[in-house]
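Position chain U relative to chain B; hints supplied.
Okay, here's what each chain looks like letter by letter:
Number of protein chains: 2
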Amino acid sequence: MQSIKFTAQASADGVIERDFTLGEIPGVLWSPASGPERAPLVFMGHGGGTHKKWPAMTGRARRLVTGCGFHVAVVDAPGHGDRPRTAYDEQEIAALYRAREAGEPEGPIVVRYNAQLAERAVPEWRATLDALQELPGIGTGGPVGFFGLNMATAIGVPFVADDPRFTAAVFGLHWPDALAETARRITIPVEYAMQWDDEHIPRASALALFDAFASKEKTLHANSGRHKELPRFESDSAVRFFARHLRATAVQEV
Amino acid sequence: MQSIKFTAQASADGVIERDFTLGEIPGVLWSPASGPERAPLVFMGHGGGTHKKWPAMTGRARRLVTGCGFHVAVVDAPGHGDRPRTAYDEQEIAALYRAREAGEPEGPIVVRYNAQLAERAVPEWRATLDALQELPGIGTGGPVGFFGLNMATAIGVPFVADDPRFTAAVFGLHWPDALAETARRITIPVEYAMQWDDEHIPRASALALFDAFASKEKTLHANSGRHKELPRFESDSAVRFFARHLRATAVQEV
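Protein chains in written order, with my numbering: chain B, 4 to 257; chain U, 4 to 257.
Excised from the complex, chain B in its bound form:
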């Protein structure tokens, strides 16, 4: 098994930020500067076209670390951030831009490309979670959350579905096409975000993916507005969701 190699460390306002690599995969781990010996981990994923230190990632991580005392990790997805694109990546990105310029639906391309990315990313994310759990501040057996919207839901649903380590997950903003069947195997508490006036994802499609989760406890948050207009307060809601579900089962109270 590969191990996490820390490559840089910075600290501000009670949050320690450590860049790491796991083989070829670059990632970042945010941790509380002080606290108990061990704390729960939230594994995050970034959206399509962004990367591990995108403002949405650093903002959510800071809220989770300072608000809950959790560790938060995210890695660059294949073809994203500091990682090379394959010929297939370039082809799909070009197809997406062509559709966008022509005013044609982006959904079929995003669904197809994200499904392919998920096949490449899930084994990497599993290896990353394995390695993170080797760190003494995280360890095995403690609660683990998953937090990922857009492309990170496309990767996160198959990642979470077959891994009993997860305690609770926040998903959202995706089509059900490649995911609904897998979502039916997910039974942990889920909070799901959709945009009521999404210009890309039909309302019925978003509702169908939420409906597919087999979780006894699941909550849909639908906000007025277009695809990219998810309100900032949904990040705070996700933090409270993880506080409820990861703290209650924490090895040590944080």
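It is worth saying that the hints were derived from the structure and are not from the lab.
Note that the structure is predicted; figures quoted are calculated from it, not measured.
Where hints are given, some of them may not hold.
Copies of the same chain look alike in the list, so a pair counts if it works inside one copy or between any two.
Capping the alpha-carbon separation at 16 Å, the derived lysine to aspartate or glutamate pairs in EDC-like fashion look like this [unchecked claim]:
#1 Lys56 - Glu20
#2 Lys219 - Asp201
#3 Lys56 - Asp85
#4 Lys56 - Asp165
Just chain U, lined up with the frame of chain B:
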């Protein structure tokens, strides 16, 4: 114009609870024991078959007063709490129990009865709001919230729709039949609660009522579970919703 007459006062944990009457209508006003000279008001309504001091009412009021420093008022709806039932009330309540025992749909009876109750209640609620705004701690021109689920949504939608004093509203758990047309006149921020597995309100009906609100800012919270299983954390969410919308426009910051 009739005035509020206070009939009893109690105080505990920073909350002053004052029973009042406005003519024949009994109500209760919860206020912060200390704070600024004026503070926003949240007007609440109770659900069908309950009353102004039902635990859900006192619990929500306490959260709003201690969490936000707001005033919170609720009155007994016609035929509820300390108020007499008419022959029509008795008839509809009997019809509801018969349907329940026979396993027949309750929806048509509840929709019809609540629409009639709304016709009786809305003028009373308007007079109560008028009178509450005569109190120096509340006053006119400040932000006003409305918070009511179930029957209180059936009364609250027509109450809020034609009254420019309201700043933000929390509704939920009702059929669109008698309400959707009126909801299309509501443009203030709305948070709407539904139960994903509601045995009385079909999913498409709940979504249709949420869709009807003309508000630029609206949020649907759909939770797994049956009609009466609304999670307790939705009360906390409503408190945060009012904190966002009433504080921002408060005459004085609270």
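Now the hints, each set against the structure:
{"no.": "1", "hint": "Lys56 - Glu20", "verdict": "within (11 Å within a copy, 50 Å between copies)"}
{"no.": "2", "hint": "Lys219 - Asp201", "verdict": "between (27 Å within a copy, 14 Å between copies)"}
{"no.": "3", "hint": "Lys56 - Asp85", "verdict": "within (11 Å within a copy, 59 Å between copies)"}
{"no.": "4", "hint": "Lys56 - Asp165", "verdict": "neither (27 Å within a copy, 47 Å between copies)"}
Against the hints set out earlier in the document, a violation occurs for number 4 only.
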